[in-house]
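Asks: Line order of the protein sequences matches chains A and B.
Under this note's numbering, think of the first position of the first sequence as 7, with each following residue one higher.
Under this note's numbering, think of the first position of the second sequence as 215, with each following residue one higher.
These are calculated hints, taken from the structure and not from any lab test.
Hints are not guaranteed to be accurate.
Okay, the calculated bits of chain B under chain A, using three or more residues with CB under 8 Å as the criterion [to be verified]:
| # | segment |
| --- | --- |
| 1 | 224–234 |
| 2 | 240–253 |
| 3 | 268–279 |
Ranges between beta-carbon positions, derived for each pair [claimed, not checked]:
| # | chain 1 | residue 1 | chain 2 | residue 2 | range |
| --- | --- | --- | --- | --- | --- |
| 4 | A | 84 | B | 327 | 22 to 32 Å |
| 5 | A | 261 | B | 300 | 54 to 64 Å |
| 6 | A | 136 | B | 373 | 55 to 65 Å |
| 7 | A | 253 | B | 231 | 15 to 25 Å |
| 8 | B | 300 | A | 11 | 54 to 64 Å |
| 9 | B | 229 | A | 43 | 34 to 44 Å |
| 10 | A | 249 | B | 295 | 43 to 53 Å |
| 11 | A | 43 | B | 348 | 40 to 50 Å |
| 12 | A | 29 | B | 353 | 20 to 30 Å |
| 13 | A | 301 | B | 223 | 50 to 60 Å |
| 14 | A | 82 | B | 341 | 23 to 33 Å |
| 15 | B | 327 | A | 142 | 36 to 46 Å |
| 16 | B | 365 | A | 142 | 49 to 59 Å |
| 17 | B | 229 | A | 29 | 30 to 40 Å |
SDA-like, lysine to any residue: derived pairs with alpha carbons at most 25 Å apart [stated by the list, open to error]:
| # | chain 1 | residue 1 | chain 2 | residue 2 |
| --- | --- | --- | --- | --- |
| 18 | A | 163 | A | 249 |
| 19 | A | 52 | B | 265 |
| 20 | A | 52 | B | 241 |
| 21 | B | 265 | A | 54 |
A virtual CB, placed ideally from N, CA and C, is assigned to each residue, including glycine.
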Amino acid sequence: MTRPVRPVAVVSFAQARHVRREDHRNEVEMLMPVVGDVFAKVQLTKDDMGFVCSGSADYLVGAPFSFVMALDAVGAWPPMRESHVEMDGAWALYEAWTLLQEGEIDTALVYSFGRSSPSQLHKVLALQLDPYYLAPLWPDPVALAALQAQALIDAGKATEADFAAVASRSRRDALANPNAQVAKDQTAEELLAEEYLVAPLRRHAVPPISDGAAAVVLAAGERARELVQRPAWITGIDHRIEPHALGARDLTTSPSTRAAADGAGVLGAAVDVAELHAPFAHQELILREALGLPDTTVVNPSGGALAANALMVAGLVRIGEAAQRIMDGTADTAVAHATSGPCLQQNLVCALAATPSGPVGGREA
Amino acid sequence: MSSIEPAPPVTTLATPIRIDYEYTAGAAQSRFLEGLARGVFVGQRCPVCGKVYVPPRGSCPTDGVPTTEDVELANTGTVTTFCVVNVPFAGQQIEIPYICAQILLDGANIAFMGLIQEIPPDQVRMGLRVEAVWKPADQWGPSMESVEYFRPTGEPDAPYETYEEYL
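Work out the full structure: start from the sequences and follow the hints.
Replies: What follows is the structure in structure tokens.
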């Protein structure tokens with residue numbers, strides 16, 4: 007199911023101020039104020055929730071079942087209906103949305119947390135690769151992204167100046183985002199003068215390492231209208247995955263994003279705002295093409311993942327940021343995207359609108 | 215030049231994996247660890263249900279609210295349940311048999327695990343009253359290693375009703 011049979015909307019969104027290193031708070035202490043915020047905005051409590059779903063990764067914390075501990079931030083008494091995905095919170099939102107479609111519940115809390123600071127992120131991310139041929143080589147995620155960027159250049163689809171333009175715009179937009187970690191006013195020319203980190207990627211084209219957390223409240227039908235004046239209706243949501251083996255993929259395109267966009271009904275639709283989870287600058291270019299976004303669409307007004315990229319959180323933040331712009335009236339239609347895996351392996355597309363019926367996009371034949 | 219022998223097929227592959235982590239205790243647990251460095255068990259109270267958690271993790275897992283009030287707990291408690299360890303294992307530091315027990319400190323609403331000594335294993339029982347034996351003060355640090363073990367106080371056993379909720 008990718009189009010709703012029952013209208014469900016984002017009615018509240020909250021996030022932590024993202025930082026390089028949360029030194030003084032553990033996961034629960036980092037998450038609790040965010041969950042408190044997301045409830046306070048709609049004057050609800052955990053007792054009003056029909057379902058709770060979270061997204062996180064034990065590999066980041068270095069502790070098994072760390073998500074069970076994190077539930078302390080919500081308070082799981084009396085016993086509640088609860089679930090967890092070892093994925094970005096965007097996929098937890100997908101699970102909650104699916105359950106809301108069944109009609110038994112009217113509300114759900116979705117949250118995610120990610121601290122990359124306790125571990126060496128480049129090692130943790132190497133372990134998501136296939137365990138026989140790739141993981142033993144410990145490929146750095148920046149190096150893999152650089153291969154993708156080089157493929158894009160070789161295909162004549164982009165230049166290093168294009169990457170710098172994306173980064174310059176993202177960091178400048180992030181100046182207006184109080185939760186961003188990297189926000190600077192620098193021209194693309196200035197950024198191009200940087201040394202390579204891993205050619206053809208310079209520091210600006212690579213995401214920061216972040217600690218952060220985010221939460222969303224979903225509500226269905228009339229319940230959503232009671233809670234906020236302008237609910238951000240989810241008009242379509244879908245996610246697709248590509249092969250595990252990097253060599254089996256054309257890294258210059260994103261067919262899984264395309265298929266998810268088709269399922270979510272955003273192809274050819276009018277889109278005011280898009281929040282794309284493109285951790286590396288060049289990936290925004292691939293995603294724009296896959297989603298078929300019109301030139302008029304404002305992309306990543308929050309600064310995107312180049313401004314803050316807490317693992318397991320940044321995808322849910324994209325949905326929250328896009329929804330926030332519908333709720334506050336600055337946009338009528340929005341697309342949010344989340345990614346997981348190396349080089350955009352897995353992708354989720356979520357279409358949002360101020361009315362439950364739009365945006366109405368065409369489907370591919 | 216020697217001829218090249220055909221290589222035997224690969225049947226096993228060793229890929230050592232190790233990742234190091236820097237653990238962050240967090241604000242609440244740091245209060246507990248700081249307490250151990252000065253010879254005191256520090257818990258925190260939930261402002262909603264009033265329960266005292268030790269070691270505190272910063273939130274009440276029942277109510278989902280921050281616990282901010284520190285509570286210094288007694289040095290004495292009750293064994294709620296226990297097991298006698300008879301199995302040797304790699305890295306074992308205590309001579310077997312020994313007793314691993316859940317101990318409910320007086321004033322706390324959750325039990326934690328501790329070692330029981332100075333009593334034969336076959337005499338340990340639920341409801342046994344125990345007290346912490348601390349190392350000499352100059353050896354205290356922000357770690358449970360500040361506590362040597364727990365031993366019987368000699369008081370009469372605690373009635374079952376006083377700890378049945380914590381089993």
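Asks: Now look at each hint and say whether the structure bears it out.
Replies: Structure-based check of each hint:
1. Counting residues of the segment 224–234 of chain B whose CB lies closer than 8 Å to any CB of chain A gives 5, so the stated coverage by that chain holds, three being the minimum.
2. Using a Cβ-Cβ cut-off of 8 Å, 5 residues of the segment 240–253 of chain B lie near chain A, which meets the minimum of three, so the contact claim holds.
3. Evaluation of the coverage hint for the segment 268–279 of chain B: fulfilled, as 9 residues show C-beta separations to chain A shorter than 8 Å, against a requirement of three.
4. Evaluation of the 22 to 32 Å hint for residue 84/A and residue 327/B yields a pass: the beta carbon distance comes to about 27 Å.
5. The hinted range of 54 to 64 Å is satisfied by residue 261/A and residue 300/B, whose Cβ atoms lie roughly 59 Å apart.
6. About 59 Å separates the C-beta atoms of residue 136/A and residue 373/B, a value consistent with the hinted range of 55 to 65 Å.
7. Taking the beta carbon of each, residue 253/A and residue 231/B are about 22 Å apart, inside 15 to 25 Å as hinted.
8. For residue 300/B paired with residue 11/A, a C-beta distance near 59 Å keeps the hint of 54 to 64 Å intact.
9. Against the hinted window of 34 to 44 Å, the Cβ-Cβ separation of residue 229/B and residue 43/A comes to about 43 Å, which satisfies the hint.
10. Range check, residue 249/A to residue 295/B: Cβ separation about 50 Å, and the 43 to 53 Å hint holds.
11. For residue 43/A and residue 348/B, the hinted distance range of 40 to 50 Å is satisfied, since their beta carbons lie about 42 Å from each other.
12. At about 27 Å, the CB distance of residue 29/A to residue 353/B agrees with the hint of 20 to 30 Å.
13. The hint said 50 to 60 Å for the Cβ distance between residue 301/A and residue 223/B, and at roughly 56 Å that hint holds.
14. The given range of 23 to 33 Å is respected by residue 82/A and residue 341/B, whose C-beta atoms sit roughly 30 Å from each other.
15. Restraint check, residue 327/B to residue 142/A: a C-beta distance of roughly 38 Å satisfies the suggested window 36 to 46 Å.
16. Remark: the range hint 49 to 59 Å for residue 365/B to residue 142/A is upheld by a beta-carbon distance near 51 Å.
17. Against the hinted window of 30 to 40 Å, the Cβ-Cβ separation of residue 229/B and residue 29/A comes to about 33 Å, which satisfies the hint.
18. A C-alpha spacing of about 23 Å is found between residue 163/A and residue 249/A, which places the hinted pair at or below 25 Å, so the restraint holds.
19. With a C-alpha separation of about 19 Å, the suggested pairing of residue 52/A with residue 265/B holds against the 25 Å cut-off.
20. Between residue 52/A and residue 241/B, the direct Cα distance comes to roughly 24 Å. Compliance with the 25 Å bound is thereby established for this hinted pair.
21. In summary, the hint linking residue 265/B to residue 54/A is supported, as the alpha carbons are separated by about 23 Å, within the 25 Å threshold.
In terms of the numbered hints stated before, the structure departs from none.
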